[in-house]
Amino acid sequence: MSDIGAQYQKVQGELEDFIMNRQKLETQLQENKIVVEEFETLKAETQVYKLTGNVLLPVEQDEARGNVDKRLEFINGEIDRCEKSIKEKQTELEKLRDEIMRQNKQ
Amino acid sequence: MSQKIDLTTLNPEQLQAVKQQFDQELNHFTQSLQALIVAKNKFSECVNDVTTISSEENKSQKLLIPASASLYIPGQIKDNQMFMVDIGTGYYVEKNAEEAVAFYKQKIEKLDRESVQIQNIIKEKTQSSMAIESQIRQAAIREHEASKKKVPAAQ
Numbered sequence: 001m002s003d004i005g006a007q008y009q010k011v012q013g014e015l016e017d018f019i020m021n022r023q024k025l026e027t028q029l030q031e032n033k034i035v036v037e038e039f040e041t042l043k044a045e046t047q048v049y050k051l052t053g054n055v056l057l058p059v060e061q062d063e064a065r066g067n068v069d070k071r072l073e074f075i076n077g078e079i080d081r082c083e084k085s086i087k088e089k090q091t092e093l094e095k096l097r098d099e100i101m102r103q104n105k106q
Numbered sequence: 001m002s003q004k005i006d007l008t009t010l011n012p013e014q015l016q017a018v019k020q021q022f023d024q025e026l027n028h029f030t031q032s033l034q035a036l037i038v039a040k041n042k043f044s045e046c047v048n049d050v051t052t053i054s055s056e057e058n059k060s061q062k063l064l065i066p067a068s069a070s071l072y073i074p075g076q077i078k079d080n081q082m083f084m085v086d087i088g089t090g091y092y093v094e095k096n097a098e099e100a101v102a103f104y105k106q107k108i109e110k111l112d113r114e115s116v117q118i119q120n121i122i123k124e125k126t127q128s129s130m131a132i133e134s135q136i137r138q139a140a141i142r143e144h145e146a147s148k149k150k151v152p153a154a155q
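Residue numbers (full-length UniProt numbering), protein chains in the order written: chain A, 1 to 106; chain B, 1 to 155.
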């Protein structure tokens with residue numbers, strides 16, 4: 001009984017970790033989206049800089065755009081992966097819950 | 001939370017649980033609203049800074065640039081119409097004073113819109129929370145009266 005209870009708690013903890021991760025990814029996604037929007041409004045001659053460590057390095061607009069697009073792609077992939085893990089953990093939790101209920105009834 | 005639950009069908013323990021959940025959500029939204037207000041103030045400061053620095057009397061203004069927390073280097077503003085604006089994720093863009101102010105004002109407007117949304121949610125949640133509270137009270141009264149009736153019957 002305590003065994004399955006401990007397992008339930010463990011899975012619940014893992015689920016919470018995934019949900020936190022998902023929220024972090026969402027924040028990153030929104031920030032990158034804002035950057036893309038801002039790039040759209042730039043004039044062709046506007047100089048873009050990237051903060052690398054503590055230095056601002058000039059970058060080409062195309063390069064910056066490519067970078068952010070790639071990052072968006074990556075983040076979206078991570079979100080998909082994370083959502084899948086969340087769903088898996090949720091079904092696992094449900095199964096465990098049913099199991100506990102059954103044991104309690106006996 | 002789109003599903004509707006008839007509060008009168010819940011027992012006091014369930015009502016407590018629902019209320020707790022609502023209060024938690026309420027807390028979360030209040031915190032979000034606070035964060036939005038903090039961010040908005042930061043952007044407003046930026047607008048003020050840009051307007052101050054780009055004003056005529058600050059042309060070629062001398063200033064001290066912090067090289068570390070306790071070391072300053074004398075400097076001079078070379079161009080008080082150009083600003084480096086952080087647009088997020090480590091990218092910076094050169095903007096003139098007008099564009100920079102427009103950028104920040106746009107951000108502030110966006111935050112304002114979102115604040116209104118959150119305020120509406122908070123209002124709704126507060127009302128729901130109060131409704132649940134009154135249900136809890138009524139449930140308690142019902143229970144109290146039920147137990148009062150029981151006592152004389154037992155005597």
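To be clear, the hints were calculated from the coordinates, so they are not data collected in a lab.
Please note: incorrect hints may appear among the correct ones.
Ranges of calculated distance between the beta carbons of each label pair, as one might list FRET restraints [said to hold, decoys possible]:
#1 B:Gln-119 to A:Phe-74: 30 to 36 Å
#2 A:Ile-100 to B:Ala-17: 17 to 23 Å
#3 A:Gln-7 to B:Ala-17: 38 to 44 Å
#4 B:Ser-60 to A:Gln-23: 44 to 50 Å
#5 A:Glu-45 to B:Thr-51: 37 to 43 Å
Owing to the predicted nature of the structure, the values given are computational and were not obtained by experimental measurement.
Even glycine gets a Cβ: it sits at the ideal position worked out from N, Cα and C.
Hints, verified against the model:
Between B:Gln-119 and A:Phe-74 the beta carbon distance is about 35 Å. The supplied range of 30 to 36 Å therefore holds. Separated by about 18 Å at the C-beta atoms, A:Ile-100 and B:Ala-17 satisfy the suggested range of 17 to 23 Å. Here the CB-CB span from A:Gln-7 to B:Ala-17 is close to 24 Å, at odds with the stated 38 to 44 Å. The beta-carbon spacing between B:Ser-60 and A:Gln-23, approximately 47 Å, falls within the hinted interval of 44 to 50 Å.
Our hint of 37 to 43 Å for A:Glu-45 and B:Thr-51 is violated, since their Cβ atoms are close to 24 Å apart.
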